[in-house]
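Colleague: Protein sequence lines, in the order shown, are assigned to chains F and Z.
Sequential numbering from 1 applies to the first sequence in the working numbering.
Sequential numbering from 1001 applies to the second sequence in the working numbering.
Heads up, some of the hints might be wrong.
Distance windows between CB atoms, simulated [what the hints assert, rightly or not]:
| id | chain 1 | residue 1 | chain 2 | residue 2 | range |
| --- | --- | --- | --- | --- | --- |
| 1 | F | 158 | Z | 1074 | 53 to 61 Å |
| 2 | F | 135 | Z | 1061 | 36 to 44 Å |
| 3 | Z | 1131 | F | 129 | 46 to 54 Å |
Rough simulated footprint, nothing fancy, chain F against chain Z, three-plus residues with beta-carbon under 8 Å [stated by the list, open to error]:
| id | region |
| --- | --- |
| 4 | 1087 to 1100 |
| 5 | 1107 to 1117 |
| 6 | 1266 to 1273 |
| 7 | 1283 to 1289 |
Bear in mind the hints are in silico, worked out from the structure with no lab data behind them.
For every residue, glycine included, the Cβ atom is placed at its ideal position computed from N, Cα and C.
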Amino acid sequence: MRPNLRVVSIVSALLILVPLAMPSWVVFILTKALFTFIAVLGVALLLRGGQLTFGHALFFATGTYTVGFSVKWFGFRDALLLVPMGALTGLIMAALVGLIMARYRGVFFAMLNLAFSMILYAILLKFYWVTGGTDGISVGTATFLGFPLRAGTYPFYYLTLVIAGLITYVVYRFLASPLGYFLRAIADNEIRIEYSGESVRRVIYLTYILAGGLGGVSGVLAAFTVGHVVPEDAFWFQSGQFVFIALLGGFEGILGSLMGAVAFEFIQTYSSKYFPYAWQLTLGGIMLFIILFRPGGLWAIYESLVSRFSSKAEGSTHG
Amino acid sequence: MDIGLLTIIIFDGLNYAAVLFLIAVGLTFVYGVLRILNISHGAIYGLGAYMATWLTILLLNKGLPPYLSYFVLLTGAIIIGLITGPSIERLCLRRIYGSDIHIQLLLTFSILLILDDAMKLIWGVEPMFMSEPYFLLGQFSVGGIIYPRYTFLLIGVSASFGVFLVWLVRGTRFGKLVVSVIQDREISVAMGINVGLIYTAAFTMGALSAAIGGAFIAPTISVAPGFAAEVVVMSFAVVAIGGLGNLEGAALGSLIVGLARALAIHLVAELELAVIYLIMVLVLAFRPQGLFGAVEERRI
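Make the full structure from the sequences, and use the hints.
Modeller: Here's what the structure looks like:
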């Protein structure tokens, strides 16, 4: 689990420099990819523990509506305060729901998550005098210490990038901690963890809370990027997409989620441009291919390429 | 609460329950045999609705007697069931039995995405209407309440499909083979049972249930892209409440969900959807295996 410093610095350099040479729509898509990446990291964390959630949109929507209500009730839209607020509401939501969730595994874990996210969806949809119903709430442009921060511009992108960087570090530290190692062991054998003196429920619960916080942060950034929050943020389709991206990238490395998110946003953009009624078909087709032929996701494809190149390089030095 | 309102709630509830049962029973049957929660079930439901609507419109435009439309609805559903069932099972699911649950769920989710767009490509994105079968039967009145007779047809179709499935599993040789495959796959293979064929047949039965559900709900709604997404997740709730893989559970679950939804719509309209998932959470919190489900052994 040691970070490959070369890879990390190449990726960071790419994320910092490439947008400077790109038109603003690419910057916009990369912003979307970054906030999606943050939410997907949460899903990937749980997947690493062998738990699939089909309701992570619960925390995503908690984040988006944190912004929605803040704008609607207080006219407050400062990103500096709202991002930590989103993290906090996500954490609190996860801490409450997680009390029940930590007891379940497998299909039941997936289904219960689904149920909770659908309850939020139903509430957001039906209590329209508070939530705006299907119309949602328009949140407009974010501010940062009073300065406007428009989506698709460099300041907004770099803010998102800094947040994503911080979160990547937190998740990396989490995975490198004993808790992170236990999490991975849960996927293999729960009972042996209990024998070794760690509580499986505690590990799942804490991971769940972290994942919820990530969902909240992602939601806040999403609300400001899109400028609008709608009940669909909590719909199971959104959750499905997060799982989809986590597996598209492969959840073994943090970088996998990033690759998945970037690939997803570009596939979505291009296929909805060229095949307006078939972008889901394109995504589904790619996913089908990955599951049936490359189950490790983009990350595994990347790793097999790397190992092929490095073995060739070794071969040449020895030869 | 007056009698009139109560009657309406009960009729509405049975109506919802009938539709939900048709979809959920297939979902639960597939899970029972294949141990896969088939998310693409919703797309098959949508395809059934589209196919039935399209065929019926074709029939009516040809000027053929409209009473044939009931037959056409069923035919459309059977066509979809027989095409999608075997092809999804043979081409995709067959390769992932025994994989991790997230692979299975995601594979069926991908199929849902693909079929969802396929519907748009085949039939366009404009809503399609076809309500002749609905109006043809007329209405009846009970104690001053007017209610469409089509509801009875829906309940009838749903109940007969349920009875048929139970008979198939409990009363036929095929059913015995299915049960033995559920009990122990390897021994079944050793005894000479064609397990692959049983899986295909079971999945096709599931697909048929979804397609029939879609076909018979079609005359009462406007068939438009995305209409299936909500119904399907409701049928997940039904299945989870009743117990995954349990036929009686699906019946009880759909009755509970249908009646609760009807109650909510007429009394507290805001809770229409939330109440379904609240029930699901309550049931799962106290009986994770569902009301009828058997406790599974803990995997070590």
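Colleague: Please go over all the hints and tell whether each is borne out by the structure.
Modeller: To see whether the hints hold, each was checked on the structure:
no. : hint                          : result
1   : 158/F with 1074/Z: 53 to 61 Å : 60 Å, holds
2   : 135/F with 1061/Z: 36 to 44 Å : 38 Å, holds
3   : 1131/Z with 129/F: 46 to 54 Å : 33 Å, violated
4   : 1087 to 1100                  : holds (count 5)
5   : 1107 to 1117                  : holds (count 9)
6   : 1266 to 1273                  : holds (count 5)
7   : 1283 to 1289                  : holds (count 3)
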